[in-house]
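Visitor: Given next are the chains, with one letter for each unit.
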Amino acid sequence: MKDSPGLHFKTYVLLLFVVLFAPLGNVLLSKGMKGIGSAQNWAPADLFPVLVKILTSGTIWLGIACLLAFFVAYMLVLTWADYSYVQPASAFSYAVVAVLSYFLLGEVVPPLRWAGIAVICVGVFVVGRTPPRTTEKA
Amino acid sequence: MREFFFLFLVIVAGTGGELCVTRAMKVIGEVHDFQPAALVRFVFRAMRVGWMWIGIGMMTLAFFSLLAMLSIENVSLVVPVTALSYAAGTTGAKLFLHERISPQRWLGVLIVCVGVTLVWLSRR
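Here the protein sequences come in this chain order: F and H. For the first sequence, the numbering used here begins at 1 and goes up steadily by one. For the second sequence, the numbering used here begins at 1 and goes up steadily by one.
Keep in mind that the hints were calculated from the coordinates and are not lab data. Please note that a few of the clues may not be correct.
Just a few of them, taken from the derived set where beta-carbon distance is under 8 Å, the chain F residues facing chain H [said to hold, decoys possible]: (1) Met33; (2) Tyr94; (3) Leu105; (4) Glu107; (5) Leu112; (6) Gly116; (7) Ile117; (8) Val119; (9) Val122; (10) Val126; (11) Arg129.
Glycine residues also receive a C-beta, built at the ideal position from the N, C-alpha and C atoms.
I would like the entire structure built from these sequences, with the hints used as guidance.
Guide: As structure tokens, this is what we get:
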């Protein structure tokens, strides 16, 4: 397929969905779980009420919907864009999750964590620079 | 201690699930026809592969472990730490799928591990 401005635009829009919806989904899951709280005792009888709360939480379902939207956008963009292009680009979601957690959940993100996230993004970028297929096709 | 347990499940069950689904997809073969009826047939074919069910089971376990982890720790810590799945996935691809891993990819995985260590050290 020839690279056209339309294709570039479509790719950027879907990558934007990828780097926004995955972190947003995780932040919503976190918000839902913080509201539900952790099980005090991990016995099956104590886990059941927690499971019911999880399955009836609107925030959790909204988080799952965001993760599904991320998954669809990710799969769609992979149908025309290279995996080695998409994977490093999607690493920005690690930074976006920290930004969203700061603004939406009021989490304190220490400088060391920002540094770690930056290093992770570099690592993912290096992985993404390797050929997607290193094994001969059967 | 339970944080380590859930983190272990998120990474190992999540990556293991993806590897099992990959193996199932290799059994089924490449998809060429994207018509709705063909996709439905594809899904039914996928459901008859044992690896697919093992993969779905492991990914479900990883999802609920992620929820448990998020009820304990901040999301700005949990999500970056799950990048360890790059290391688990690469190791699993080498051992389980017999893929050849280039030195540059191992270097990237090592850098990811350094980043995850920094993120983990930022935990209070």
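Visitor: Could you run down the list of hints and mark each one as holding or not?
Guide: Quick rundown of the hints versus the structure:
Evaluation of the methionine 33/F hint against chain H yields a held restraint, the C-beta minimum of about 4 Å falling below 8 Å. Interface restraint check for tyrosine 94/F: the shortest CB-CB distance to chain H comes to about 5 Å, inside 8 Å, so the restraint holds. This hint holds: leucine 105/F has a C-beta 7 Å from the nearest C-beta of chain H, less than the 8 Å allowed. Given the 8 Å rule on beta carbons, the hint for glutamate 107/F holds: about 5 Å separates it from the nearest Cβ of chain H.
Because the smallest distance between the Cβ of leucine 112/F and any Cβ of chain H comes to about 4 Å, under 8 Å, the interface hint for this residue holds. At a threshold of 8 Å, the smallest CB-CB gap from glycine 116/F to chain H is about 3 Å, leaving the interface hint in force. Contact between isoleucine 117/F and chain H, as hinted, is supported at the beta carbon level, the nearest pair being about 5 Å apart and thus within 8 Å. The restraint placing valine 119/F at the interface with chain H holds, with a minimum CB-CB distance near 3 Å, inside the 8 Å limit.
For valine 122/F, the suggested interface contact is upheld, since its CB lies about 6 Å from the closest CB of chain H, less than 8 Å. Hint status for valine 126/F: holds, given a least beta-carbon distance of 3 Å to chain H, under 8 Å. With a least beta-carbon distance of about 7 Å to chain H, the hint placing arginine 129/F at the interface is held under the 8 Å criterion.
Comparing the model with each numbered hint stated earlier shows that all of them hold.
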